[in-house]
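Participant: Each chain, letter by letter, is given below.
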Amino acid sequence: MGKKFPKKVACVFCTGGTRASGCEYGCIGCGKCVEACRIGAIHLNDFNVAEVDSEKCVNCGLCMKACPKGLIRSRINDACFEPLCSNHDEGRAARSECQFSCIACGSCVKNCPCGAVEVVDNCAVIDDSACLVCGFCATHCPRKVIVDLSGIIAIRA
Amino acid sequence: MAHIFVNNKEYEIKEDKSLLRFLRDDLHLTSVKDGCSEGACGTCHVLIEGKAVKACGPKLSMLDGKHVLTVEGFDDHEKEVFVRAFGEAGAVQCGFCIPGMVISAKALLDKNPSPTREEIRYAIRNNICRCTGYKKIIDGIELAAKYRAMDVLPEKPHYTWKIGERVPRLDVREKVTGTGKYPDDLYLDNMIYGGIVRPPFPRAKVLSIDTSRAEALEGVLGVYTSKDIPGDLKVGHIFQDWYVMIPVGEETHYVGDAIALVAGETQEIVEKAKKLVKVEYQELKPVTSPYEAMKDDAPVVHEGGNLLAHKHVYRGNAEEAISRSKYVLTEKFSTPYTEHAFLEPECAVAVPEEDGGIHIYGSEQGVYPVRHECAEMLGMPEDKVNVEDMLIGGGFGGKEDASAQHYAALLTYYLHRPAKVKLSRYESLLFHPKRHPMDMEFTVGCDENGIIQGVKAKVIADTGAYASLGGPVLERACTHASGPYNYQNFEIDGYGYYTNNPPAGAFRGFGVTQTCFGIESMMNLMADKVGITPWEIRYRNAIRPGGELPNGQIVDDSTGLAETLEAVKDIYDSNPLAGIACCMKNAGVGVGLPDFGRVRLNVVDGKVLIRSGSSCIGQGLGTILTQIIVDYTGLTRDDIVYMHSNTAKAPDSGMSSGSRQTTVTGEACRRASLKLKEALDKKPLPELEGEEFFGEYLAKTDPLGADVPHPVSHVAYGYATQLCILNEDGTVKEIVAAHDVGRAINPLSVEGQIEGGVVMSLGFALTEKYELNNGIPLGKFGKLGLFRANKVPDVKSIIIEKKGLPISSGAIGIGEITSIPTAPAIAAAYYKYDKKLRTELPLKDTPYER
Numbered sequence: 000m001g002k003k004f005p006k007k008v009a010c011v012f013c014t015g016g017t018r019a020s021g022c023e024y025g026c027i028g029c030g031k032c033v034e035a036c037r038i039g040a041i042h043l044n045d046f047n048v049a050e051v052d053s054e055k056c057v058n059c060g061l062c063m064k065a066c067p068k069g070l071i072r073s074r075i076n077d078a079c080f081e082p083l084c085s086n087h088d089e090g091r092a093a094r095s096e097c098q099f100s101c102i103a104c105g106s107c108v109k110n111c112p113c114g115a116v117e118v119v120d121n122c123a124v125i126d127d128s129a130c131l132v133c134g135f136c137a138t139h140c141p142r143k144v145i146v147d148l149s150g151i152i153a154i155r156a
Numbered sequence: 000m001a002h003i004f005v006n007n008k009e010y011e012i013k014e015d016k017s018l019l020r021f022l023r024d025d026l027h028l029t030s031v032k033d034g035c036s037e038g039a040c041g042t043c044h045v046l047i048e049g050k051a052v053k054a055c056g057p058k059l060s061m062l063d064g065k066h067v068l069t070v071e072g073f074d075d076h077e078k079e080v081f082v083r084a085f086g087e088a089g090a091v092q093c094g095f096c097i098p099g100m101v102i103s104a105k106a107l108l109d110k111n112p113s114p115t116r117e118e119i120r121y122a123i124r125n126n127i128c129r130c131t132g133y134k135k136i137i138d139g140i141e142l143a144a145k146y147r148a149m150d151v152l153p154e155k156p157h158y159t160w161k162i163g164e165r166v167p168r169l170d171v172r173e174k175v176t177g178t179g180k181y182p183d184d185l186y187l188d189n190m191i192y193g194g195i196v197r198p199p200f201p202r203a204k205v206l207s208i209d210t211s212r213a214e215a216l217e218g219v220l221g222v223y224t225s226k227d228i229p230g231d232l233k234v235g236h237i238f239q240d241w242y243v244m245i246p247v248g249e250e251t252h253y254v255g256d257a258i259a260l261v262a263g264e265t266q267e268i269v270e271k272a273k274k275l276v277k278v279e280y281q282e283l284k285p286v287t288s289p290y291e292a293m294k295d296d297a298p299v300v301h302e303g304g305n306l307l308a309h310k311h312v313y314r315g316n317a318e319e320a321i322s323r324s325k326y327v328l329t330e331k332f333s334t335p336y337t338e339h340a341f342l343e344p345e346c347a348v349a350v351p352e353e354d355g356g357i358h359i360y361g362s363e364q365g366v367y368p369v370r371h372e373c374a375e376m377l378g379m380p381e382d383k384v385n386v387e388d389m390l391i392g393g394g395f396g397g398k399e400d401a402s403a404q405h406y407a408a409l410l411t412y413y414l415h416r417p418a419k420v421k422l423s424r425y426e427s428l429l430f431h432p433k434r435h436p437m438d439m440e441f442t443v444g445c446d447e448n449g450i451i452q453g454v455k456a457k458v459i460a461d462t463g464a465y466a467s468l469g470g471p472v473l474e475r476a477c478t479h480a481s482g483p484y485n486y487q488n489f490e491i492d493g494y495g496y497y498t499n500n501p502p503a504g505a506f507r508g509f510g511v512t513q514t515c516f517g518i519e520s521m522m523n524l525m526a527d528k529v530g531i532t533p534w535e536i537r538y539r540n541a542i543r544p545g546g547e548l549p550n551g552q553i554v555d556d557s558t559g560l561a562e563t564l565e566a567v568k569d570i571y572d573s574n575p576l577a578g579i580a581c582c583m584k585n586a587g588v589g590v591g592l593p594d595f596g597r598v599r600l601n602v603v604d605g606k607v608l609i610r611s612g613s614s615c616i617g618q619g620l621g622t623i624l625t626q627i628i629v630d631y632t633g634l635t636r637d638d639i640v641y642m643h644s645n646t647a648k649a650p651d652s653g654m655s656s657g658s659r660q661t662t663v664t665g666e667a668c669r670r671a672s673l674k675l676k677e678a679l680d681k682k683p684l685p686e687l688e689g690e691e692f693f694g695e696y697l698a699k700t701d702p703l704g705a706d707v708p709h710p711v712s713h714v715a716y717g718y719a720t721q722l723c724i725l726n727e728d729g730t731v732k733e734i735v736a737a738h739d740v741g742r743a744i745n746p747l748s749v750e751g752q753i754e755g756g757v758v759m760s761l762g763f764a765l766t767e768k769y770e771l772n773n774g775i776p777l778g779k780f781g782k783l784g785l786f787r788a789n790k791v792p793d794v795k796s797i798i799i800e801k802k803g804l805p806i807s808s809g810a811i812g813i814g815e816i817t818s819i820p821t822a823p824a825i826a827a828a829y830y831k832y833d834k835k836l837r838t839e840l841p842l843k844d845t846p847y848e849r
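If you read the sequences in order, they're chains V and E. Residue numbering for the first sequence follows numbering that gives the first Met the number 0, starting at 0 and increasing by one per position. Residue numbering for the second sequence follows numbering that gives the first Met the number 0, starting at 0 and increasing by one per position.
There's no promise every hint is true.
[What the hints assert, rightly or not] Quick list of in silico lysine-lysine cross-link-like pairs, DSSO-like style, CA-CA up to 27 Å:
no. : chain 1 : residue 1 : chain 2 : residue 2
1   : E       : K50       : V       : K7
2   : E       : K699      : V       : K6
3   : V       : K143      : E       : K768
4   : E       : K50       : E       : K732
5   : V       : K7        : E       : K795
6   : E       : K802      : E       : K768
7   : V       : K6        : E       : K790
8   : V       : K109      : E       : K226
9   : E       : K78       : E       : K13
10  : E       : K155      : V       : K109
11  : E       : K782      : V       : K109
12  : V       : K3        : E       : K145
13  : E       : K732      : V       : K7
14  : V       : K6        : E       : K110
15  : V       : K31       : V       : K64
16  : V       : K143      : E       : K790
17  : E       : K50       : E       : K779
18  : E       : K110      : V       : K109
19  : V       : K7        : E       : K13
20  : E       : K13       : E       : K271
The set of hints was computed from the structure by calculation and includes no laboratory data.
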């Protein structure tokens with residue numbers, strides 16, 4: 000079937016923005032990704048964090064190259080549950096640096112039915128090709144870092 | 000106020016709970032199944048805003064304002080599309096995964112009306128199926144896509160429903176639309192729930208059980224322990240060694256044991272109460288392997304010793320024959336614990352009868368054996384305890400022993416209310432017997448032409464905590480370890496040891512899945528040694544009609560092993576990366592055991608009701624019995640109604656096990672049909688109102704070691720040759736499976752068994768592990784390594800119908816054999832690929848290794 004299947008899109012692994020306080024890893028709202036995108040598939044949201052429009056994105060990689068913090072990677076579009084954080088500080092520090100940071104508590108790992116989630120360098124990472132798209136990681140995340148990017152399940156009230 | 004829309008109706012969210020629980024418990028939309036509640040199985044898929052989502056994941060509070068659609072909410076035309084497409088494609092077997100599949104299919108087709116096969120496979124990758132191997136479900140979705148594009152569905156094909164026709168099964172509609180009921184779909188008035196407290200240690204002495212705090216919880220109706228069992232404290236299908244609950248002062252045998260049974264008004268209350276039962280244990284060191292169990296100073300798992308069974312099967316003089324053989328090879332093999340992973344976790348609902356009896360609705364492979372176990376435990380006469388099947392979501396051997404039925408019955412016994420006991424997926428993985436791990440050693444001697452002179456073998460099996468069907472499995476492993484070949488010097492010693500691991504018992508293949516891996520691997524090694532191809536060595540040694548098997552049986556004209564080999568020869572020769580294996584498997588229990596098929600046809604309200612105490616566990620029994628009746632009587636399909644197995648109404652037709660129903664119950668059905676035909680020759684059906692026609696067949700066989708020159712161990716054997724063809728990159732391209740079934744009553748169902756059995760053993764060979772740590776299973780469905788739809792290679796079925804079986808219209812059961820030669824064929828393919836001998840399962844050094 001080739002590279003186009005399953006559909007991949009870009010994803011910004013950060014969500015704090017103006018709600019963060021001292022996280023040195025996160026999105027600074029520089030807008031370089033927005034500039035780089037040729038089809039308007041990425042914009043800065045209300046919290047000054049870059050956000051991808053999965054419907055428009057064609058996974059060309061230009062925003063990934065442009066991001067000075069290395070926050071943007073590809074994800075499999077159907078694997079809609081992702082931890083939107085790149086903070087590698089250990090739990091206590093991470094907790095104080097942003098209200099939506101991953102504190103590496105491991106709740107997602109524990110609740111994943113198939114071992115698709117791992118904590119790598121104090122931050123949760125999901126292997127999209129192993130993911131069963133059940134959402135247990137997201138619904139059990141105490142920090143509401145793991146969200147449903149398809150917008151169906153509202154993790155944050 | 001938060002609200003949610005389900006099937007276009009608006010509901011206020013009063014109490015927050017998972018969407019799955021809301022849909023099932025509050026709205027009784029039971030098409031949405033609870034296969035695991037862990038996010039792993041996919042049976043709970045629903046559409047939310049058009050997207051397929053697992054309902055066990057989100058809570059209602061996360062779905063404010065969202066629109067949920069279940070299969071019940073489809074419009075009539077869409078339902079009909081799927082019923083037609085899935086039925087005609089043969090996509091429906093046990094049916095438990097089907098509503099979830101339909102949901103995922105609709106989510107795909109709504110966005111992509113003409114998907115490629117690859118896109119379909121991807122769309123259902125998170126829907127696990129254990130029966131079909133996915134192929135016919137993918138076919139069904141392809142066909143549904145075609146039908147959706149039409150304004151009006153094409154006319155239904157005309158089916159005669161005679162033997163040999165690919166008719167859609169008679170329960171497709173209820174399974175696709177989700178109206179069909181499995182025991183967990185029962186929500187009866189006044190129903191209570193039960194839950195079991197299990198030990199944290201595989202081996203520990205139970206010092207005390209304090210139920211007082213649990214009993215004090217509001218909504219708890221009772222907490223029962225072993226002292227509350229009215230009848231036998233131990234049950235068991237063959238050996239009664241299985242404690243219903245462990246009494247104070249006794250030892251636990253494994254972590255799946257029951258210590259206490261809690262009854263409450265809701266499942267939630269029961270779960271809370273379970274945590275309040277305080278049990279004091281003296282933890283002991285568990286026996287976790289047969290090698291530990293066999294030591295003189297080993298802890299005793301069961302009084303009477305740790306050796307459950309020693310089977311010594313022999314004919315001629317294997318030692319002598321091997322010693323004079325030109326080529327002699329010896330090798331060791333090892334196969335692991337495997338889990339059935341049927342999609343429907345065990346569940347039973349017991350209901351009190353007015354006359355003081357108890358009626359149990361259950362999911363089991365045999366209503367009579369389960370009734371026997373329940374009645375013994377209750378100390379009640381058997382005619383006061385009845386067991387009735389509902390739809391059953393798969394078994395594969397794992398539902399032969401009582402699992403939830405006796406616990407539900409005990410609650411009804413005391414509380415006189417309907418009682419539901421459902422095992423969680425975790426409990427299911429802990430509780431029911433698994434496939435025996437076996438360590439084997441084979442020695443094979445051949446002459447210069449590769450003709451087998453003699454085989455000697457030894458098997459050590461871990462039979463776990465209880466006997467279950469361990470004895471017969473070991474026996475079958477031993478008798479079939481010889482392979483389907485023409486030689487008469489054979490000797491095998493099999494040992495089954497009790498340990499504190501979960502029990503091992505019946506699992507598709509019944510011991511032969513393991514020993515076949517051994518003997519078939521030896522055949523390939525021997526072919527190399529002799530300098531002929533693995534195909535050739537089998538063709539030279541294959542048993543043929545009139546030949547004598549290593550067990551002494553003279554095989555009949557229906558023996559079609561050679562034909563299965565011939566059917567794959569061209570494919571084998573033209574694929575350098577093809578591995579091959581053969582096998583035979585008994586149909587019918589055999590070895591002198593009672594093996595009755597019984598069918599009673601009752602004429603009621605102008606219809607013929609099929610009453611047979613034989614369970615359909617997804618294999619499509621009702622459909623083929625209907626076809627047999629139509630064929631022999633000339634009635635139409637609409638004249639016939641298939642009734643679920645029920646001890647109160649149907650005669651005992653034995654367990655759905657040993658690939659026996661098509662052959663044994665099929666023959667009983669044929670006999671009943673002939674009687675009905677005789678009557679129909681004189682009067683039309685309406686004038687036979689109230690009459691009954693009974694057919695019985697005893698598959699008579701000789702016991703093992705019978706003092707006759709040529710014992711008839713089994714009334715029929717199926718034969719098969721399977722090929723595994725690899726791609727250049729080492730992934731599996733295709734499995735070709737040639738099966739001699741004598742007569743295919745429903746070829747669509749035969750293919751379904753082939754495809755499903757092969758995929759099951761693809762997992763056995765390449766990816767599946769039932770992980771155990773010191774007697775404690777990991778217990779996660781999502782980590783078993785089951786094959787998913789987007790990774791499954793193609794399976795090509797070749798059905799061979801060799802006449803010669805004098806009973807049952809010539810039909811030989813196929814339930815197990817499809818799962819048997821696959822693993823050795825795959826190992827053989829990898830041997831061709833890189834010349835590495837792989838003697839352990841799951842196979843190492845493959846792209847599938849986890």
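Participant: Hint by hint, which ones does this structure get wrong, listed from lowest number up?
Facilitator: Going through the list in order, the structure violates hints 2, 3, 4, 5, 6, 8, 9, 10, 16, 18 and 19 and respects the others.
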